[in-house]
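Student: Listed here are the chains, written in short residue letters.
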Amino acid sequence: MVPTSYYLILSAIIFVIGAAGVLGRRNALIIVMCVEMMLNSVNLTLIAFARQWDNLNGQVFVFLVMAVAAAEVAVGLAILIAHYHQSKSTNIDDVNVMKW
Amino acid sequence: MSFEMIFFILVGALSVGSAVGVVSSKVAVHSALFLLVHFATLAILYVTLNAQFLAAVQVIVYAGGIVILILFVIMLIGSAPLDTRAGYRNWVPYAGLGLGGALLAGISWNVLRMPAVALNPDANQGGVPVVLGLHLYSQNILLVELAAVLLLVALLGALLLARRPKAEEA
Amino acid sequence: MALSIPYLLTVITFLPLVGAVLVTLVPSDGTKKWLALATTGGTFLVSLLLWTNWQQGEAGMQFVEEAVWFAPLGVRYALGVDGISLFLVLLTTFLMPIAVYFSILYVHKRVGAYMALMLLLETAMLGVFLSLDLVLFFVFFEASLIPMYFLIGEWGGQNRVYAAVKFFLYTFAGSALMVVALLIVYFSAGTFDIVALQNTPLPMAVQTWAFLAFSLAFAVKTPLFPFHTWLPDAHVQAPTAGSIILAGVLLKMGTYGFLRLAMPIFPQAAEQYGPLLGTLAVIGILYGALVALVQKDLKSLVAYSSVAHLGYVMLGVVSMNAQGVSGAVLQMVNHGLSTGALFLMVGLLYERRHTRLLSEFGGLWASVPVYTGLFLVVAMSSAGLPGLNGFVGEFTIMLGAYSYSPVFAVLAAAGVILAAWYMLTAFRKLAQGPITNPANDKANLKDLNAGELAMVLPLVLLFFVIGLFPNLFFDKINPSVEAMLATRSALIQQATAEQMPVLAETVEEQ
Amino acid sequence: MNSAALNLDLTALLPALGMVAAAAAVLLLDLVNRGGRAPTRPWLPWGALAGVLVTAALSIWLIGQPAASFQGMAVHDERAQALNLVVLTGAALTILLSVRYIPNVNGQTGEYYSLILLVSAGMMVMGAATDLMVVFLALEIFSLGLYILAGLRRSDRRSSEAAMKYFLLGAFASAFFVYGAAFVYGATGSTRFDLIGDALLAGRADPLLLSAGVALLIAGFGFKVSLVPFHMWTPDVYQGAPTPVTAFMSIGTKAAAFAAFYRFFTEALATEQASWGMALAILAALTMTLGNLAALRQSSLKRLLAYSSIAHAGYILVGLTTAAAPGIDGALYYLIAYAFMNMGAFAVVILLERQGEMDALGSRLNGIARRQPMLALLATIFFFSLAGVPPFAGFFAKFYVFAAAVQGGWSWLAAIAMLNSAIGAWYYLRIVVNMYFAEPTAETRIEAEQLSVPLTVTLSLAAVFTVALGVLPWVWTELVQSGLVSVVVGGLAAR
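Protein chains in written order, with the working numbering: chain A, 1 to 100; chain B, 1001 to 1170; chain C, 2001 to 2510; chain D, 3001 to 3495.
Don't take every hint at face value.
Label-pair restraints from in silico Cβ distances [stated by the list, open to error]:
#	chain 1	residue 1	chain 2	residue 2	range
1	B	Ile1141	D	Ala3021	15 to 23 Å
2	D	Val3485	C	Leu2276	26 to 34 Å
3	D	Trp3046	C	Ala2071	45 to 53 Å
4	D	Arg3370	C	Arg2352	28 to 36 Å
5	C	Pro2027	B	Ala1162	51 to 59 Å
Rough simulated footprint, nothing fancy, chain B against chain D, three-plus residues with beta-carbon under 8 Å [stated by the list, open to error]:
#	region
6	3065 to 3074
7	3133 to 3144
8	3148 to 3159
9	3206 to 3219
10	3361 to 3375
To be clear, the hints were calculated from the coordinates, so they are not data collected in a lab.
Yeah, the Cβ is synthetic: ideal placement off N, Cα and C, and Gly gets one too.
Using the sequences provided together with the hints, build the complete structure.
Tutor: Listed below in structure tokens is the structure:
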């Protein structure tokens, strides 16, 4: 059996890669994908913990995260398209995310 | 090193590699394809964790739904949005790298100090649909109801944003 | 005297508020003006009931009203009046009709808003003097900022907006920490009740921090040197009626705060920091007088003289003995009357000549003798001429200060000489010598008319009443002051007694 | 897993259900329009408002009948009802503000109002949630709704940018939140607050995993309520979103997130207070200070209100830092006071907007007192209340919260907060100064079309309650602790 901690570190690596993508990329679509990746890494964490604790709560949680991810993508892509029609660009630099 | 471990390392490496691919691709379509690979590797890992049903759902929802949706949008809005330049701003990646490194180090440090627990190979009865379904629709019925409201919001929202308002039609 | 009104203090406090609402509702400017005057006059008359129904010799709070305001924090709506606050209330209600009447004569811009703000201000000021609950006190204390801020900012002189903002921010920032301090006091003593707090011993650490925070708020308000810099700006820019009220009443909220809250509730801390406050007070006396000496603008001269006069009051408060405190209470009233009257006289002159520069005047004796004569009386009252009110207060304070610290008393006495000097210099420049400027000719400058006399004369009359019959006032002030001082020293003794056994034990062990 | 033992008592979520039902009703009402004509369209806001009022009545009726249901996943206690009332106040006033506004922004009013109702439902569920999974779902329900509402004006570039930015950062924050929840689950084996608390008490929890989880949860929450340093999205989103939505956002998200915050920290982490109290206190201090300092140099009213909303989040957090009953009641009082005064301030912004705009420069208020004295008076009440000047609601709110902080031994935090409100007074005062003392310019006017009856009603209601809550603070605390009856009785007794 592969210990839980291995899964956790794997998912942490994926989470951080996703987070780096959100902060580093300017293309909104890729940012959406990175967020999806982050949610997936959380799912991995949850499932690993569910096995460790031998209860189903973690798996139920994963179910919900999947529902949320689907809803988020639907809404997010709708926003993206609306913005694209507005500005003909999804380059997030124009949005200037990090402006204080 | 056991077979399980070798398998985990292989799939994990593939998973990390595809994640890096998603982040670093210059072309969005490539990112989406990497994402597909990434989701698939995760589904495999779910199976190793006694979550067979979720592994199936993972493939259906993510690979079959979300990635297709993203590809669809890429086709819809073309290659115009794709960033051909380096795609990184000067200080954000470094800050992100620093914070990410710290996060990763912190989590790994915490995780590695976890006491070893005897794992039940049959944990969660293999995550079969019946068990999970019973659990979901009895104790956790509230969550299902809320998820329904959530999907309603998403539906309404997509409708509101995507449909042309009457004023514009006229 | 049979006439009495239920909820007398509430009526006094909120009558002006009702008037303010009515003023905004009635249509014409004329009605608004006279309604405002009627309200302030009526409030004054009602407040006279405090005098007539006074329980002579009673030291504690009278006419007390109490209700729970906000139970979760033990905040009460509690009003009461004792010998310390009585005359400040009467001073407020007395000065308001004069200020309003002056405004009726000379304010023509947006009269309704002006009068409503004046009336709101009166409610806030009365609330400060009548509150028996710390939070209620603070609410009124802060609420008085809003109307004054608008009065200065809208109806003031050239730099009015700057002065108004400076006034607001100084006082608001000054009292910011007071909120924290009064909460610390509450959680240490378990009550916001001012009277109860005066009887509650507090730990020394609480006393120190709370005393410093309260002192900061009150020192800015008073204003004590070096927190006074907002005052000349505010005074010079404020409309005349605003100055009368600012100097006459608002500044007293600071010294009243010291006397009612900071000194008795935190007795040991007050003992500890008393010399510091006393030093600041003495510096204020000398500094204010010296700066007043070189002012070219009559109004800023009066403003700086206020800094000096309030230094006396603070000195009396700091000395914390019967003479000092009683003198301080009376001197608060005196300063309100004298400085109010001075601002009134300056305002009357300004309305005639539209300047306040001393160099523009000279020889007014010849052209406007009634005005000049009254000005002299007012100036002498402010300078502390025996026989007038200022002397009684300052002399009593000096007595108290001497037994507290002879050095302070001597330095403060030097301030009296300076006061006479700058007042007489100002008077000389104003009234004596030949008429150099044709605008000051008899033909061009009108003397006071009946309406204006009606404003000045009651003030002058009171100068003499207080100056000649001070016991009329001390009789009511003294019992409360003595009671307060007795409670205070009991608290200090109790605290030292608690430390004594410890000392005794250590001695025994040795 | 015996289904007979399941607790499916719906009482806990009755108000939220009411909102969902109202949303469905509004959608059905809108459906009648589809024939091409729009006979029911003018009725939509009033239908939504009726739904809100009925739900509010329901919430008040439920006070004093606490219940937990759904296997401990949700409760409705007095605080949940108080939170419901805050959210419903925000929703009702938002609907009133939208009557004239939204048809100019987006023709699809039916979807708009039902989204407002659904978002409110999400916020209310979040206030009643006692399980991290429920919190997460509720968070997503209202967040998704708000992303969409922020981008409602599709013809305006800034609106769609705001939506996109809000969505991207919001989704990012959600990932952090859910990652944190995963770690808490990993540390304790449960997502239910009481079971987490039990695990901690019994020493079954892994402290390191737990602290990692809590840190991530705070980051996720921090994004939602725009705590510094997670606040960078706030000004742009506030500025770009349609103004009624901004107003709703500023109140609703704070209310919901703080409710979940306090439940999680007091019910699940009660034993860990020492370790996270200081973290929250530092966050609160940073949030207040940076919010206020940044607000000092804003010229756009909406950006100014955005930064001020950050600062207010900091003040509210001061109440939660104590984790004791007075702090939480204080925070709830702060929220209701903030709901009224902030709604009023945003209503003023709407009045100043021109055709096709969704923001106004503060300079448009210059000298407005000369032309619109009544409006200036109301605006003065709102801004003074936001600054915390007595006797308005804002003062008592601050007082209540800071009192709790002092009581809990956080005097230094209360002192920082008070100094911050002095900084805050400066920029609110500057607006008031300009309203009264600056010379009116050509820009100083309000467009007749903005001045509608519902807007006037909103302004008046907000002003009346801003004053009333300040003068009679006990009405609110009595109402949410013992119900309407006690307020009436108390009012009679006070006479």
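Student: If a hint holds in the structure, say so; if it doesn't, say that too.
Tutor: Against the structure, the hints come out as follows:
1. Between Ile1141/B and Ala3021/D the beta carbons are some 18 Å apart, a value that agrees with the proposed interval 15 to 23 Å.
2. For the pair Val3485/D and Leu2276/C, the beta carbons lie near 55 Å from each other, so the given range of 26 to 34 Å is not met.
3. Restraint check, Trp3046/D to Ala2071/C: a C-beta distance of roughly 38 Å breaks the suggested window 45 to 53 Å.
4. For Arg3370/D and Arg2352/C, the hinted distance range of 28 to 36 Å is satisfied, since their beta carbons lie about 29 Å from each other.
5. Between Pro2027/C and Ala1162/B the beta carbon distance is about 57 Å. The supplied range of 51 to 59 Å therefore holds.
6. For the region 3065 to 3074 of chain D, the proposed coverage by chain B is satisfied: 4 residues have a C-beta within less than 8 Å of a C-beta in that chain, meeting the threshold of three.
7. Counting residues of the region 3133 to 3144 of chain D whose CB lies closer than 8 Å to any CB of chain B gives 7, so the stated coverage by that chain holds, three being the minimum.
8. Using a Cβ-Cβ cut-off of 8 Å, 4 residues of the region 3148 to 3159 of chain D lie near chain B, which meets the minimum of three, so the contact claim holds.
9. Residue count for the region 3206 to 3219 of chain D with a Cβ under 8 Å from a Cβ of chain B: 5. That meets the three needed, and the coverage hint holds.
10. Taking a C-beta to C-beta cut-off of 8 Å, the region 3361 to 3375 of chain D contributes 0 residues in contact with chain B, too few for the three needed, and the coverage statement is violated.
In the structure shown, a violation is registered for the earlier hints numbered 2, 3 and 10, in ascending order.
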